[in-house]
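Residue numbers (the working numbering), protein chains in the order written: chain A, 1 to 397; chain B, 1 to 436.
To be clear, the hints were calculated from the coordinates, so they are not data collected in a lab. Among the clues, some could well be false.
Simulated coverage check for chain A against chain B, where a stretch passes if three residues somewhere in it have a Cβ under 8 Å from a Cβ of chain B [stated by the list, open to error]: (1) 57-71; (2) 125-134; (3) 189-196; (4) 221-228; (5) 311-321.
For the chain B half of the interface with chain A, some residues (derived, Cβ under 10 Å), not all of them [claimed, not checked]: (6) F49; (7) F53; (8) F195; (9) I198; (10) L205; (11) A248; (12) I287; (13) L325.
All figures in this text were calculated on a predicted structure; none of them were measured in a lab. For each residue, glycine too, the CB sits at the ideal point set by N, CA and C.
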Amino acid sequence: MPDTLLRRVLLVLLPLGGGLAAWRWDAGWWFVVVAVVYAAAHLLMIPSPSGRSLPVLAAVAVAVALVTHGSPIFVLGAAAVALPAGWLAVHIRHGRRVTDFVFPAEPAGMVVFGAMIGGASMVVPDEMYRTAVGLSVIGAAATGWYLTAALVRALYSRQARLAPRRLALVRALEDWPAYLALFSTGALYGIAAPAMGVWAIPLAGLPYAFSHVSLHRVQTTRRTYRQTIQALGAVPEAGGMVASGHAERVAELAVAIGAGMGLSVGMLLRLEFAALLHDVGRLVLANPAVAAGSYSDSDVSGWSSAIMAEARYLENVAEVVAAQHHPYRRPGEERDPDLPLASKILKVTAAYDGEMNKGMSSLEAIETLHRGAAYDYDPEVVASLRRVLERREVRAA
Amino acid sequence: MTPTPHDRKTALLAGGFALAGAFVLVLLFVTQSDPEPLWLWSVLAASFFVLQFGAVEVNDRLFVSSAMMVAFTAAVVFGRDSAILAVALMASVSALHPEDLRERRWRQPAGNFGQLVISAAVGIAVFIPFLPEGPVTVDDLPVLAAGAALAAVVYDWVNFRLVAFFVRVAYPDRDLRPWSKMLANHVALSVLGAFGGILGAAYVLVGPLILPLMFLTFLVGHVGFASYSKLREAHEDTIRGFVKAVEALDPYTRGHTERVAHFARIVGEHLDLGPERLETLRWAALIHDVGKVAVPSDLLHKPGILTDEEYQQTVRHMLVVEEVLGRVDFLRPMVAIVSGQHALLDEESAGEVPVESRILAAADAFDAMTSTRSYRAAVTQATAFDQLRRRADLYGTEVVEGLITAIEAEGEVYGSPDEESAAQVERLVRERAIRA
Numbered sequence: 001m002p003d004t005l006l007r008r009v010l011l012v013l014l015p016l017g018g019g020l021a022a023w024r025w026d027a028g029w030w031f032v033v034v035a036v037v038y039a040a041a042h043l044l045m046i047p048s049p050s051g052r053s054l055p056v057l058a059a060v061a062v063a064v065a066l067v068t069h070g071s072p073i074f075v076l077g078a079a080a081v082a083l084p085a086g087w088l089a090v091h092i093r094h095g096r097r098v099t100d101f102v103f104p105a106e107p108a109g110m111v112v113f114g115a116m117i118g119g120a121s122m123v124v125p126d127e128m129y130r131t132a133v134g135l136s137v138i139g140a141a142a143t144g145w146y147l148t149a150a151l152v153r154a155l156y157s158r159q160a161r162l163a164p165r166r167l168a169l170v171r172a173l174e175d176w177p178a179y180l181a182l183f184s185t186g187a188l189y190g191i192a193a194p195a196m197g198v199w200a201i202p203l204a205g206l207p208y209a210f211s212h213v214s215l216h217r218v219q220t221t222r223r224t225y226r227q228t229i230q231a232l233g234a235v236p237e238a239g240g241m242v243a244s245g246h247a248e249r250v251a252e253l254a255v256a257i258g259a260g261m262g263l264s265v266g267m268l269l270r271l272e273f274a275a276l277l278h279d280v281g282r283l284v285l286a287n288p289a290v291a292a293g294s295y296s297d298s299d300v301s302g303w304s305s306a307i308m309a310e311a312r313y314l315e316n317v318a319e320v321v322a323a324q325h326h327p328y329r330r331p332g333e334e335r336d337p338d339l340p341l342a343s344k345i346l347k348v349t350a351a352y353d354g355e356m357n358k359g360m361s362s363l364e365a366i367e368t369l370h371r372g373a374a375y376d377y378d379p380e381v382v383a384s385l386r387r388v389l390e391r392r393e394v395r396a397a
Numbered sequence: 001m002t003p004t005p006h007d008r009k010t011a012l013l014a015g016g017f018a019l020a021g022a023f024v025l026v027l028l029f030v031t032q033s034d035p036e037p038l039w040l041w042s043v044l045a046a047s048f049f050v051l052q053f054g055a056v057e058v059n060d061r062l063f064v065s066s067a068m069m070v071a072f073t074a075a076v077v078f079g080r081d082s083a084i085l086a087v088a089l090m091a092s093v094s095a096l097h098p099e100d101l102r103e104r105r106w107r108q109p110a111g112n113f114g115q116l117v118i119s120a121a122v123g124i125a126v127f128i129p130f131l132p133e134g135p136v137t138v139d140d141l142p143v144l145a146a147g148a149a150l151a152a153v154v155y156d157w158v159n160f161r162l163v164a165f166f167v168r169v170a171y172p173d174r175d176l177r178p179w180s181k182m183l184a185n186h187v188a189l190s191v192l193g194a195f196g197g198i199l200g201a202a203y204v205l206v207g208p209l210i211l212p213l214m215f216l217t218f219l220v221g222h223v224g225f226a227s228y229s230k231l232r233e234a235h236e237d238t239i240r241g242f243v244k245a246v247e248a249l250d251p252y253t254r255g256h257t258e259r260v261a262h263f264a265r266i267v268g269e270h271l272d273l274g275p276e277r278l279e280t281l282r283w284a285a286l287i288h289d290v291g292k293v294a295v296p297s298d299l300l301h302k303p304g305i306l307t308d309e310e311y312q313q314t315v316r317h318m319l320v321v322e323e324v325l326g327r328v329d330f331l332r333p334m335v336a337i338v339s340g341q342h343a344l345l346d347e348e349s350a351g352e353v354p355v356e357s358r359i360l361a362a363a364d365a366f367d368a369m370t371s372t373r374s375y376r377a378a379v380t381q382a383t384a385f386d387q388l389r390r391r392a393d394l395y396g397t398e399v400v401e402g403l404i405t406a407i408e409a410e411g412e413v414y415g416s417p418d419e420e421s422a423a424q425v426e427r428l429v430r431e432r433a434i435r436a
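Chain B extracted, bound-state conformation (with noise of 0.2 Å):
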C-alpha cells in the first residue's frame, strides 16, 4: 500500500510528539533526582498503567479512570526533586497499549507518549509548589488536596488540548466532546487528584500498610462497577433477544419494535429530552408491542373490520402490557407511557398524555404506515409525514415536526420508493386478502 499524503502527515506528527515527549524526558532527567526506591515505583507505575486502562463507567457514559490519582500520590511520595520526572516516567510507559504491541501499529503509541509525558510534565509541574520543602507533615495537607485538584484540572485540559489537536490534523473528519461540556468529568478528576495527593501524604504519615487496604476497598467497588456493567448489557440483551424472537413468531412486524426504538432516539434528542428521560423512553420503544404476542395472529392481521368481540380481545392486549410492566419497579413508569399510547386511540384524552407517550405513539404510527402489513402495502414515506401532520393534534406539532425533522437530518427514508409501487403492493395485497 502506497502512503497517501495524509498517512504522511500523520506519521509526521506522531514522530513530533514522539520527539517532544522524548526531549521533556531527557530535560527531566538532568533536571530532577531519580525516584526512590525503585520498588515503589514500579508498585505506583503498575497501578497507573492498570487504572489508565481500566476505566470504570460510573455513570451513563461517565468514564472515569484512576490513573490521575496514582499521578498525584506518586508527586506526594517522590517529593519535589523527583515527583516531575517520577509521573512523567510512568505516563511514558502507559502509552504502550497492548493492543498496539501486538498489531504493530506505532503510530498511535509514539503519539500517546509524546502527549501523555507532556500533560503529565506540566500537569505536576504545577502541583510542584503547593508540596512543602521538607517531610510532608498534617499541617500541609489543605494546600496539598487544594493544589491536587487544581493541577488535575491542568493535567487533564493540556492533555485534552493535545489529543484534540492530533485527532483534528490526523482524522479531520471525527468530532470531539468539547471540553468544557465535560463538567462531571472535570469534577471527578480534580476529586480523585486531591485523593491521589492525600493518599500520598497517608503513605507518608503511616506507612506502607495504607496501600493494600486502599487495593482492597477500591477492589470492591471496581469489581462492583464491573458487574454493574455487566448486569445492565445482559439486562437490555435479554430485553432485546426477546424481543426479537417474540417478533420472528410474526413475519410482518420484524424489526418494528428496533425501529420504533429508533425513531423514538432520534425524536427524543431531537426534543432534548435529556438523558435519564431518553433511558426510559427507550426501554418503553422495546417492551411496548410485548402484549401483542398474547393476542391470536390472525385478529391482529385481520384485513377489515374487527368484530365487538374481536376488538375486546385487542384491548385485552394492551391490558396485558399494564398488567405485566406493572409488576417490575423500572417498568412502572413505563406503564404510564404505555398506556398513554393507548389512550392516544381515543382522542378524548389525548390532552395530557406524557410527551414520551406522544413520540412513542408517532414512532409506532410512523414505523406501521411505512411498512407493509398482510392488510396492506406500505406507503411513500411523504404520505406517511402528511398523515401525520394531520394528526398532530393528537401527537403534539412538537413531536410530529421533531419526528419528521430528524428523520430528515438522518437521511433516512421508509415505505414504499413512490407512489406507483406502492399501489402495485396494494393490489397485491388485496387480491391475497380477496382470496384468502
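The shape of chain A in the complex, shown without the other chains (with noise of 0.2 Å):
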C-alpha cells in the first residue's frame, strides 16, 4: 500500500512544484523542461556489458552541466526534482528489478558529479565551459560518476550474501563503455546545441543508437554463450552421470572464491566455464565398455579437458580443467608453483560439492577438504571457501 500513497503523493506534488517554479522564477520553465527530461531519461536504458540497463541519466546530466554552463540548480536541483519521477516511471515500466540497477548507485553518481561540477563553476568561468578546459571538468566529475556508481552498487549488491563485495565491484567497472558512450552522447550534444539548435539531436543521436545496439548484441551475445556452455555442461548430469545441478552449484561457489582471492574479471569468467564444463568428459561414460572399466578423477579431467580443446575459443578454458586433477603437492616434493590458482579452486570446490552430495553437512565436508589440505588442496584456497561458507551461515542465521 505505501508504494500506491507514494505514487499518488508524488503524482500530485511534482506537477504542482513545477507549476509553482514556472509561475514564481523567471527561469522556471527551463527548469521544468529540464525535469521532465531528466524524469523521462529515466526509461530510455542503455544494455551494460555486466548485463545490467543503466538509464541515460548520464548524458542528460552531461548535456545539462554543458549548456548551463554549470549551474548547480538545474545540473542537480532539477535532477533532485525529477529522481522521484523517474524513479517512478521505470518502476511502473520494468518493475522491482531493473529498478534496482538505478537506484541508488546512478543517483548517488549523479550526487558527486553535481558537487564536483559545482565547486568548478566557482573556479572555471561561464564562456570556458564549451572548450577543452570545460570537457576536461566534464570528463573528470564523470569519471566521479561512474566510479562512484561502482562502488555503490558493491556496496549495495544483493549478492554480498553470497559472494565478497569484490566480485560485485569488479563486475560494476566492467560497465564502463555503457558510460563512455553516455558521456560522450551527452557532451556532444551540450557543445553543439547552442550552435545547431535542434540538429544537435541527430548529431549526438545517431553516433548513441549505434552504440546503443552493438552494447545491445554484446549483452544478448554475452548471455546466450553463458547459458550454451550451461547447457552443455548439464548434458552429464541429465545423463545421470553427475549428480543433479553439481556443474552449476560448483560454478557458482568458485566464482565466490575466485574473486574473494583477486582474480581478474577474464579469469573469473575462464573459471566459471571450466566449472560449468569440467564433467563433460564422463560422458565417455555413455560406453558400457568404458564405464565397466576402471578409471581415475584424472581421466574425467582428461576427457573434459579434451572434449574442450574441440573448441578454439575454449583452449584455455581446457587448460584450467586439464591441470585440475594435479593434487597441490605431492608428499616429500616442492608444491607446483605453475600450477594455475583457477585450477587449484576448481579442484577444492568440485571436492566440496562432492562430498556434500554424499550426504555431508557443510562442516563435515570442509573438513575432509583440511585433512587433505597441504597435499590435494592448496590451503589458502580451502580457507577462503571456509570464509565465503561462514559469510552464508552468518547472513542466512
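From these two lone chains plus the hints, build me the complex, please.
Set out below in C-alpha cells:
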C-alpha cells in the first residue's frame, strides 16, 4: 500500500511544484523542461556489458551541465526533483528488478558529479565551459560518477550475502563502455546545441544509436554464450552421470572464491566456464566398455579437457580443467608453482560439492578438505572457501 | 609463368582504370583549389583509410563501412572550392591496401585507384549544388543533409557499376549480388552520408572539439560490434567443437551433425526460409543430437529390436534434449523444432509439426540411411530418395522434394555407390553382428 500512496503523493506534488516554479521564477519553465527530460531519461535504458540496463541519465546530466555552464540549480536541483518521478516511471515500466539497477547507484553518482561540477563552476568562468577546459572538468566529474556508482553497487549488492563485495565491484566496473557512450553523447549534444539547435539531436543521437545497438548485441550474445555453456555442462547431469546441479553449484562457489582471492574478470569467466564444463568428460562413460573398466578422476578431467579443446575458444578453459586433477603438492616434493590458481579453486570446490552430495554437512565436507589441505588441496583456497561459507551461514542466520 | 591472354586483359583493364583515375585527379588539381588546412585533411584522410578497411558487421552479412560518412564531412568542411579534390585524394590514398603492398600485387590497387577516385569525384560533384556559397549556417542544414543522402547513393552506385564492370571482365566466373538486392546497404549508406554532412557542418559551426567526442562515441560502438562478432564466432565455434568431440566418442556417427546441418541449410534455402529462420534451423541442426550422448552407446547400436526397458531409455534421450535446451533462452524455439522432430516418430501428431522440424527430421533420416551404422550398411542415394518419398506424408512433400532437388542441384552423392556394394557391406555387417 505505501507504494501506491507514494505514487499518489508524487503524482500530485510533482506537477504542483513544477507549476509553482514556472510561475514564480524567470527560468522556471526551463527548470520544468529539464526536470521532465531527467525523469524521462529513466525510461530509456542502455544495455551494459555486465548485463544491467543503465538509464541514460548520465548523458542528460552532462548535456545540462554544458548547456547551463555548470549551473548547480539545473544540474542537481532539476535532477533532485526528477529522481522520484523517474523512479516511479522505471518502477511502473520495468518492475523491481530494473529499479534495483538504477537505485541507489545512479543518484549517488549524480550527486558526486553535481558536487564536482558545482565546485568547478566557482573556478571555471562561464565562457570556458564549451572549451577543452570545460570538457576536462566534465570528464573528471563523469569519472567520479562512474566510480561512485560502481562502489555503491558493490556496497548494496544483493549478492553480497553469497560472494565477496569485490565480485560486485569488478562486475560494476565492467560497465565503462556504457558510461563512456553516455558521457560522450551528452557532451556532443551539450557542445553542439547552442550553435546548432535541434540539429544537435541527430548529431548526438546517431552515434549513440550505433553504440546502443552494439552494446545490446554484446549483452545478448554474452548471455546466450553463457547459457549454451551451461546447457552443454548439464548434459552429463541429464544423463544421470553426475549429481544434478553439480556443475552449476561448483561454478557459483568457484567464482565467489576466485573473486575473494583477487582473480581478474577474464580469469573469473574462464574459471566459471571451466567449472560448468569440468565433468563433460563423463559422457565418455556412455560407452559401457569404459564405464565397466577402472578410471580415475584424472582420467575424467583429461576427457573433459580433450572435449573442450576441440573448440578453439575454449582452449584456455580446457587448460584450467586439465590442470585440475594435479594435487597441490605430492608428499616429499615442492609444490608446483605453475599450477594455475583457477585450477586449484576448481579442484577444491568440486571436491566440496562432491562431499556434500554424499550427504555430508557443510562442516563435515570442509573437514575432509582440511585433512587433504597442503597435499591435495591448496590451504589458502580451502581457507577462502571457509570464509565464503561462513559469510553465507552468518548472513543466512 | 607466362601471361595468359586473360592475365593480359586484366592488366590492361587495371591500367585503363588507373589512367582514367589519374586523369580525373589531374583535372581536379587544375579546376579546384588545394584543401586547407593540410593537417585537417590528413586527419580526415586517415579516418577514411581506417574506416574503409574497418567495416563492421552490423547485422548478419550486412557490413557497413563508415568511410562514406567521412567523405561527406570532408566535403562540407572544405567547401565548394576544394571538396571534390579533397575527397578524391582521400579515396586515392585508400586504394593502397597494406595487404596488396606486402604481396606486391599491383593490378588490384591500380584498378581500385581508378574506381575509388572516379566514384568519389562523381559522388561529391553531385553533392556540390547542395553546398552553400558562403560559410555553412544552421539554415543550410536540411538541404545539406538531404543532398548528402542522395549523393551517397549516387557515389555508391557509381562505385558498384565500376566494380561490376571490372569483375565481369577480369573474373567472369565470379558472381556479384545485384545492386537492387542491397536495399539495406543503400539505406545505411544514405543515413551515413547525411550524418557525415551534419558532422561537417558541426565542425564548421562548433569547432574541432567535436572530433574527439565523435571519436569516443564511435569507438564504443566499434569496439562493441567487434566484440559482438568475436563472441558470436566463439559461440558457434564452441557448439561445433563440442558436438564434434561428442560425436567422436561414437565412430559410426562421426560427421553426422555437420552433414545434417548442411542438408538442413540447403533445404531451408531452397524453401526460402529467410535468414533468421535459417539461423535457428542451423543451430537446431548442430545441437539436435546432443542428448544422444546420454544414452548408453550399446543401445544406440543394438542390432535388432529393443526391449521395452531399452526403448524407455532411448526415449529418455529425447527428454534430455528438451530439458537441456529448454534452459537456454535462444535455444528455446529449438525445443519446439527438436521435439517436433521426435514427435514425427509417432505419426499421429505429424500434421501440426513446424516445417523446420520436418526439414531436420528428413535431413536426419537421409543421413542415417546413407551412412553405415553398426547394425546395417548404407543404402544408395536412389534408395534413400525412394524411402523419403514413401514417407512424404510424414515430412511433407515440399520438404522431401526440396531435399532431393537441393542435393541434386549441389551435385552431391551420398550413400553406397551401387546396390551391389551396398549388399556386400550389408552382408559383412550382418556377419559381424551374428559373431558379436
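Evaluated hints:
Counting residues of the segment 57-71 of chain A whose beta carbon lies closer than 8 Å to any beta carbon of chain B gives 0, which falls below the threshold of three, so the coverage claim is violated. Only when three residues or more bring their CB closer than 8 Å to a CB of chain B does the claim for the segment 125-134 of chain A stand; here the count is 3, and the claim holds. Using a Cβ-Cβ cut-off of 8 Å, 4 residues of the segment 189-196 of chain A lie near chain B, which meets the minimum of three, so the contact claim holds. Note: the segment 221-228 of chain A has 7 residues with beta-carbon separation from chain B under 8 Å; the three-residue rule is met and the coverage holds.
Counting residues of the segment 311-321 of chain A whose CB lies closer than 8 Å to any CB of chain B gives 4, which reaches the minimum of 3, so the coverage claim holds. Here the hint on B:F49 is broken, as its CB sits about 20 Å from the closest CB of chain A, past 10 Å. With a least beta-carbon distance of about 18 Å to chain A, the hint placing B:F53 at the interface is violated under the 10 Å criterion. Interface hint status for B:F195: upheld, as the beta-carbon distance to the closest one in chain A is roughly 5 Å, under 10 Å.
Checking B:I198 against chain A by beta carbon gives a least distance of about 6 Å; that is within 10 Å, so the hint holds. Of the supplied interface hints, the one on B:L205 holds, with its beta-carbon coming within about 4 Å of a beta-carbon of chain A, less than 10 Å. With 10 Å as the threshold, the beta carbon of B:A248 comes within range of chain A, its nearest partner Cβ sitting at about 8 Å, so the hint holds. The interface hint given for B:I287 holds, since its Cβ lies 9 Å from the closest Cβ of chain A, which is under the 10 Å cut-off.
Proximity of B:L325 to chain A holds as hinted, the smallest CB-CB distance being about 7 Å (cut-off 10 Å).
In this structure, the earlier hints numbered 1, 6, 7 are contradicted, and the remaining ones agree with it.
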